[in-house]
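Asker: Residue numbers (this note's numbering), protein chains in the order written: chain A, 1 to 53; chain X, 1001 to 1323.
Hints are computed from structural coordinates only; laboratory data are not their basis. Model, not experiment: these values are computed from the prediction. Careful: at least some of the hints might be erroneous.
Stated by the list, open to error - Simulated restraints on C-beta separations:
id, chain 1, residue 1, chain 2, residue 2, range
1, X, 1124, A, 30, 25 to 33 Å
2, X, 1303, A, 35, 22 to 30 Å
3, A, 30, X, 1316, 38 to 46 Å
Virtual Cβ for every residue (Gly too), placed ideally from N, Cα, C.
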Amino acid sequence: MADRKPGVVLSDEEVRKRRSRSVALALVLGGLVILFFIVTIAKLGGNVMNRPL
Amino acid sequence: MSAVSDSIVTESRSGLSNGTAGDFFALLKPRVMSLVVFTTLVGMMTAPHVNPVIGFTALLAIAVGAGASGCLNMWYDADIDAVMRRTAKRPIPAGRITKDEALGFGMTLSVGSVVTLGLVTNWVAAGLLAFTIFFYVVIYSMWLKRATAQNIVIGGAAGAFPPMVGYAAMTGSFSLETVVLFSIIFLWTPPHFWALALVKSDDYRRAGIPMLPVVAGDDATRLQIILYTLVLVPVGLLPAFMGFAGLPYALVSGVTGAMMLVLAWRVYRRREGDAARKAAYGLFGFSILYLFLLYAVLLAELIVGHDRVAALGTAAARLVGAA
Chain A
1 MADRKPGVVL
11 SDEEVRKRRS
21 RSVALALVLG
31 GLVILFFIVT
41 IAKLGGNVMN
51 RPL
Chain X
1001 MSAVSDSIVT
1011 ESRSGLSNGT
1021 AGDFFALLKP
1031 RVMSLVVFTT
1041 LVGMMTAPHV
1051 NPVIGFTALL
1061 AIAVGAGASG
1071 CLNMWYDADI
1081 DAVMRRTAKR
1091 PIPAGRITKD
1101 EALGFGMTLS
1111 VGSVVTLGLV
1121 TNWVAAGLLA
1131 FTIFFYVVIY
1141 SMWLKRATAQ
1151 NIVIGGAAGA
1161 FPPMVGYAAM
1171 TGSFSLETVV
1181 LFSIIFLWTP
1191 PHFWALALVK
1201 SDDYRRAGIP
1211 MLPVVAGDDA
1221 TRLQIILYTL
1231 VLVPVGLLPA
1241 FMGFAGLPYA
1251 LVSGVTGAMM
1261 LVLAWRVYRR
1271 REGDAARKAA
1281 YGLFGFSILY
1291 LFLLYAVLLA
1301 ELIVGHDRVA
1311 ALGTAAARLV
1321 GAA
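Work out the full structure: start from the sequences and follow the hints.
Answerer: Set out below in structure tokens:
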């Protein structure tokens, strides 16, 4: 196996900042999924039940 | 001569962003965003029917759109932010976020907020939100701010659009009521910012921004402040005269409007030393309370009805009288 060249090693501070960004992004994306689902139901209104079962 | 220099960090050591989630949030100017949410809500509540889910989502999209324009403003103005004391600690001049990151973040949120608003409500509101972002970033930040002493007069329109966007999101059209709400913020902006500019004129001079006190002098600015306040106060009473606000609003608008006139007159009269500085700060601080109270009372009236707010006011007055 070929030797890997060491890249830039992140400092603890940089790792902490990256984690903070990742967590925020995950929360925002999760929130958007829930929001768009609720909006879809709200826009469909009573028609949400109008489908072949 | 301007002290603006190009000392902004362009890339981090690792190629990764150096900012925390909080730094990115700070790019959205959260305090401005909260004001936008508030004024948008008032515009929205003047609509005949508001679906809570659609209304909440529209409010969120408009707030993010406002945040995006704040972010793009910080991207473009990073050079002058770095030399002004008030703004030197913002994420870009402080070196925590690069300009490219801010540009990408701002553009993503701009497109995302406009598309979301369009899909969830209608394209009239989305178009107006897109125009507001364009107006704030291109017309105000890129052009007027560095070119003319009338920068905040015309640029103030960007901050005044949200109630119109809120109403359009609920109805797909515009109304005379929201034009009045627009006019109140539009006319409020010059006396508010010029009061601050009077005490921060050295900062603006150093950054090369042609604010009115820098270009025309403090006395001309004081005259403009009082003239704009003289127009603002009657316009602030219009919602009551037009019938979409009641007696409580008329009272609050009348009393706080009179206070605005007194404070503007003080700024006009006190021209030297510490007294002048205190007068300018006094008007700046009170103008925030003035706009907040006008919109808060109007919002309360729109939510619970003019009569109930009036009854609450009478009960409170009786309690105070009894005590």
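Asker: Return the numbers of the hints above that this structure violates; sort them in rising order.
Answerer: none
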